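Enquirer: Put chain U on the given structure of chain L with help from the hints.
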Amino acid sequence: MQDRLQEALKVQDVEYADIRVEDLTESWVSYRGPELNKIGSARTMGGIIRALWKGGWGYATFNDIGDLRKRVREACETARLVGGDKSYFESVEPVTDAISTELKKDFRVIPLAQKKDLMEEYNKIVLGHDRKIQTSFVGYADSFKRIWFASSEGTFIEEENPDVNIIVTAMAREGDIVQHAFETSGGREGFQTVENFHEKAFQAATRAVELLSAPPVVGGAYTVIANPRLTGVFIHEAFGHLSESDFVYENQRMRDLMVLGKRFGVDGLNVIDDGSLPGGRGTHRYDYEGVPTQKTYLIKDGILTGRLHSRETAAKMGEKPTGNARAVQFHHPPIVRMTNTYMDKGSAKLEDMIKDIKLGVMAINEAGGTTALEMFTFNAACGYMIRDGKVAELVRNVTLSGNVFEILLNIDMIGDAVEWLPPGPKGCGKANQRPLYTGLGGPYIRIRNCVVGGRQ
Amino acid sequence: MKIRRKDKLSERIVGTALRKGADSAQAKILSFETDEVNFDDDRLKSAESSQRTRIDVRVIKDCKVGFSSTTDAYDIDGVVGRALEAAEFGSVAHFEMPSAHHLPPVKTYDPALLPLAKPEMIRLGRKMMDRIKAYNPEILAGAELGKTVTQAEFANSSGACYSSEHTFFRVGAGGQLVHGTDILFADHEIGQKKRALDVDAIADHAIGYFRMAERVAPIQTGKIPVIFTPHGLSVLLLSLMLGLDGKNVYLGSSPLRDRMGKTIADERFTLVDDPLIDYGPNTSAFDDEGVPRQRLALIEKGVLRSFVYDLDTAGRAGAKSTGHGQERRYTNLVISPGDVSYAEMLRGIKNGLLVHQFLGLGQGNPINGEFSINVGLGYKIENGEIAGRVKDVMLAGNAYDALRNITALSREREWVSESGMFVFYKGLFPCIQVGELSAVAK
Numbered sequence: 012m013q014d015r016l017q018e019a020l021k022v023q024d025v026e027y028a029d030i031r032v033e034d035l036t037e038s039w040v041s042y043r044g045p046e047l048n049k050i051g052s053a054r055t056m057g058g059i060i061r062a063l064w065k066g067g068w069g070y071a072t073f074n075d076i077g078d079l080r081k082r083v084r085e086a087c088e089t090a091r092l093v094g095g096d097k098s099y100f101e102s103v104e105p106v107t108d109a110i111s112t113e114l115k116k117d118f119r120v121i122p123l124a125q126k127k128d129l130m131e132e133y134n135k136i137v138l139g140h141d142r143k144i145q146t147s148f149v150g151y152a153d154s155f156k157r158i159w160f161a162s163s164e165g166t167f168i169e170e171e172n173p174d175v176n177i178i179v180t181a182m183a184r185e186g187d188i189v190q191h192a193f194e195t196s197g198g199r200e201g202f203q204t205v206e207n208f209h210e211k212a213f214q215a216a217t218r219a220v221e222l223l224s225a226p227p228v229v230g231g232a233y234t235v236i237a238n239p240r241l242t243g244v245f246i247h248e249a250f251g252h253l254s255e256s257d258f259v260y261e262n263q264r265m266r267d268l269m270v271l272g273k274r275f276g277v278d279g280l281n282v283i284d285d286g287s288l289p290g291g292r293g294t295h296r297y298d299y300e301g302v303p304t305q306k307t308y309l310i311k312d313g314i315l316t317g318r319l320h321s322r323e324t325a326a327k328m329g330e331k332p333t334g335n336a337r338a339v340q341f342h343h344p345p346i347v348r349m350t351n352t353y354m355d356k357g358s359a360k361l362e363d364m365i366k367d368i369k370l371g372v373m374a375i376n377e378a379g380g381t382t383a384l385e386m387f388t389f390n391a392a393c394g395y396m397i398r399d400g401k402v403a404e405l406v407r408n409v410t411l412s413g414n415v416f417e418i419l420l421n422i423d424m425i426g427d428a429v430e431w432l433p434p435g436p437k438g439c440g441k442a443n444q445r446p447l448y449t450g451l452g453g454p455y456i457r458i459r460n461c462v463v464g465g466r467q
Numbered sequence: 096m097k098i099r100r101k102d103k104l105s106e107r108i109v110g111t112a113l114r115k116g117a118d119s120a121q122a123k124i125l126s127f128e129t130d131e132v133n134f135d136d137d138r139l140k141s142a143e144s145s146q147r148t149r150i151d152v153r154v155i156k157d158c159k160v161g162f163s164s165t166t167d168a169y170d171i172d173g174v175v176g177r178a179l180e181a182a183e184f185g186s187v188a189h190f191e192m193p194s195a196h197h198l199p200p201v202k203t204y205d206p207a208l209l210p211l212a213k214p215e216m217i218r219l220g221r222k223m224m225d226r227i228k229a230y231n232p233e234i235l236a237g238a239e240l241g242k243t244v245t246q247a248e249f250a251n252s253s254g255a256c257y258s259s260e261h262t263f264f265r266v267g268a269g270g271q272l273v274h275g276t277d278i279l280f281a282d283h284e285i286g287q288k289k290r291a292l293d294v295d296a297i298a299d300h301a302i303g304y305f306r307m308a309e310r311v312a313p314i315q316t317g318k319i320p321v322i323f324t325p326h327g328l329s330v331l332l333l334s335l336m337l338g339l340d341g342k343n344v345y346l347g348s349s350p351l352r353d354r355m356g357k358t359i360a361d362e363r364f365t366l367v368d369d370p371l372i373d374y375g376p377n378t379s380a381f382d383d384e385g386v387p388r389q390r391l392a393l394i395e396k397g398v399l400r401s402f403v404y405d406l407d408t409a410g411r412a413g414a415k416s417t418g419h420g421q422e423r424r425y426t427n428l429v430i431s432p433g434d435v436s437y438a439e440m441l442r443g444i445k446n447g448l449l450v451h452q453f454l455g456l457g458q459g460n461p462i463n464g465e466f467s468i469n470v471g472l473g474y475k476i477e478n479g480e481i482a483g484r485v486k487d488v489m490l491a492g493n494a495y496d497a498l499r500n501i502t503a504l505s506r507e508r509e510w511v512s513e514s515g516m517f518v519f520y521k522g523l524f525p526c527i528q529v530g531e532l533s534a535v536a537k
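Chains as they are written, first to last, in the numbering used here: chain L, 12 to 467; chain U, 96 to 537.
The hints are simulated quantities; they were obtained by calculation from the structure and are not laboratory data.
Watch out, some of these pointers could steer you wrong.
As the list claims (entries may be wrong) - Restricting the straight-line Cα-Cα distance to at most 30 Å, the calculated cross-link-like pairs of lysine-lysine (DSS-like) are:
id: 1; chain 1: L; residue 1: K273; chain 2: U; residue 2: K396
id: 2; chain 1: U; residue 1: K396; chain 2: U; residue 2: K202
id: 3; chain 1: L; residue 1: K366; chain 2: L; residue 2: K356
id: 4; chain 1: U; residue 1: K537; chain 2: L; residue 2: K143
id: 5; chain 1: L; residue 1: K49; chain 2: U; residue 2: K202
id: 6; chain 1: L; residue 1: K49; chain 2: U; residue 2: K159
id: 7; chain 1: L; residue 1: K65; chain 2: U; residue 2: K159
These numbers were taken from a predicted model, which means no experiment stands behind them.
The shape of chain L in the complex, shown without the other chains:
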């Protein structure tokens, strides 16, 4: 493959070109209610060529890898239609590398029947838990991707990228009230990461039933404690996306807003993106432009100190590439994405964070989140009221929203341990590229004056 890609790149006549070819095999099993919902497998092969000419990008994407030279020429012609300015593209050292992975239990040799039987076990736990369980969703997916990347600068990287994940969702119903709860697991290490999940399946079912009798939270502004998993989602959604330089680099007003050196929070606030973190969901040796990944401080001691870059955004902003150009699949060019993003631990003990809250909300676990730059909204899986310094009753419909710049400044206490979200099928979405797997983590945090949505 190395020869084929490098041979094809010889016909390029632009400033820079690269090819990425992927060969993906995947399989899946899912149950919805008592019935098997889906079972199957697929093989996808395809690639993308990128060509850069005078600041313009031409892309050619394809499933048919038969005539790569034709595709290279096509991308170059397209780039010439687009270009007309000056290219910004930070240079990096060419590398040749091969990254293979060790799977403890290789899901590729496990028969579909065995995957199905395991999911059936989890599904039965959920469905048999309580008569209030209305239905379930249990999903399993694995994928093994081989990626070849070659650039006109001489870089060649070959990488194996395995993933396996499950989600167990319980849906409980009583009258018109329907409540969900879910648990996920998985990772890159192999099939064992989705085994022995029976206890978690039981917990999901238990929580869905408990939520039926929980009242909806009364909407309003509260002091909120976010648990570590929710902090991870918050810092990813509300702040992390603002650190992706493609939002910023050609937007003078955003550049003013995100000026390095500006205060974003209390002294103890540290936010980090680290694509080199061993074992992380978003860990890679190189990004999809052949740039080595690294640990980047986004906020250090409350001050904005860094941001995430591709080679283009780094050159535009006169900063260094950070190895954050990633793509979901071959039909997408790499864009600036997070890798493993977390809020670092502080020193506060949870009981000290709660003890002087007269009326507040403890928001537990993620149920999704999204952002449009300054405004964010995300749902907690559930919550507890905090009354007179004590954790009180379970509540549902806990949705947090607001302006991220204000909320970050309102964080006044940061817990003393970081926890990571368990891997699952859900990933980050941006510019129609979803799901991209990222690591999300953080400690308990306390936010003053945070809007919690609910019905009046």
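Expert: Coordinates of chain U only, in the frame set by chain L:
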């Protein structure tokens, strides 16, 4: 539309599957080429050519279903083999593959789109960008144009064998405006299967959302009347689409499961799924299971008339496939227009909210209709006029209650396209006014 030739790849795949032991089989092949141009941050950023092939194979063996897909036309043995492997453990088939039918005549192919090349798409994009910049040079403008030509073929072992060609033209324009910590996004997009399209009108539409947002209007927490723009209806339609999904009905999770024939919405509310609109964005003559498409009334004058079914779910539920394919995807959703103009609707509101976009759609618990969602782009209505954009507002309520509390639908309608993670449809909708909903302001 209906071509019968024995050497088609889809028929060869079906033949291979039967030879390898399948009791019945279907093959669907989709291949398309797309050209697109992309303007962002005030300039032409990239252009792309793409070529795609996808082959989906479904088999039934010993009454069990198996599925696999590939992108490789030379991998027929592989894809058929994997489908048969899956069938060993597959779910029990509650259907038979449909035989050949006469297909409804629909227009999905406009030869005028074929000569449209990237330089012309670039010119049209610039035109929209210039229009937006002429309104307000501070808007960071963007635009996207894409043209796709698709060949689809389908064959099964019951003798159905169809093929069709489609053209698709997608044009969008918009931008973002940043003031201090305030960031405003707005855009407008149209997709259709023909070329004739007014790009200036698309740019003007996007500009309209910026124009209404020139001022920020504070809003107070309370119950107020709400107008949903055609785009803003997503929050209501998300729940309705889940509720009308035959699989959710069969599994008992749809709150509409025992409401067939009953009134579930205001009598002015009629919702039809119509795949037979000529050149409509999702128009086609057959679905991916080889079932002919049909116009389907879902809710007629407020009365629940039909759920949507695929073959297998229909078989389980004792219903018939409605031609919505294996995933039960809606095609072109159409809501009947009302009898007031948008301007009249607005004039009748003293203190209210016009909602256009939401943040975080699909999170929480959409199936039972409940929503509590951040308004991404919305406007305050004051004394019959748009007073300005609202900020940091959440809208809470129940979609089914809202549909019963419709107070007006506009005569004007427009096409919208939703392609988010949880909501996926194209539709032709009016603006809809709903009695009162909770708005929570910070």
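Enquirer: Take the hints in turn and mark each one as holding or not.
Expert: Evaluation of the provided hints:
In summary, the hint linking L/K273 to U/K396 is not supported, as the alpha carbons are separated by about 57 Å, beyond the 30 Å threshold. Taking the CA atoms of U/K396 and U/K202, the gap is near 29 Å; set against the 30 Å cutoff, the hint holds. Simply put, L/K366 and L/K356 have alpha-carbon atoms about 20 Å apart, close enough for the 30 Å limit, and the pair holds. Restraint check: the Cα-Cα separation between U/K537 and L/K143 comes to about 36 Å, which exceeds 30 Å; the hinted pair is violated.
Restraint check for L/K49 and U/K202: not satisfied, since their Cα atoms lie roughly 33 Å apart, outside the 30 Å limit. For the given pair, L/K49 sits about 12 Å from U/K159 by alpha-carbon distance, which is consistent with the 30 Å threshold. Under the criterion of a C-alpha separation no larger than 30 Å, the hint pairing L/K65 with U/K159 is inconsistent with the structure, at around 56 Å.
Checked against the numbered hints given earlier, the structure breaks hints 1, 4, 5, 7 and satisfies all the rest.
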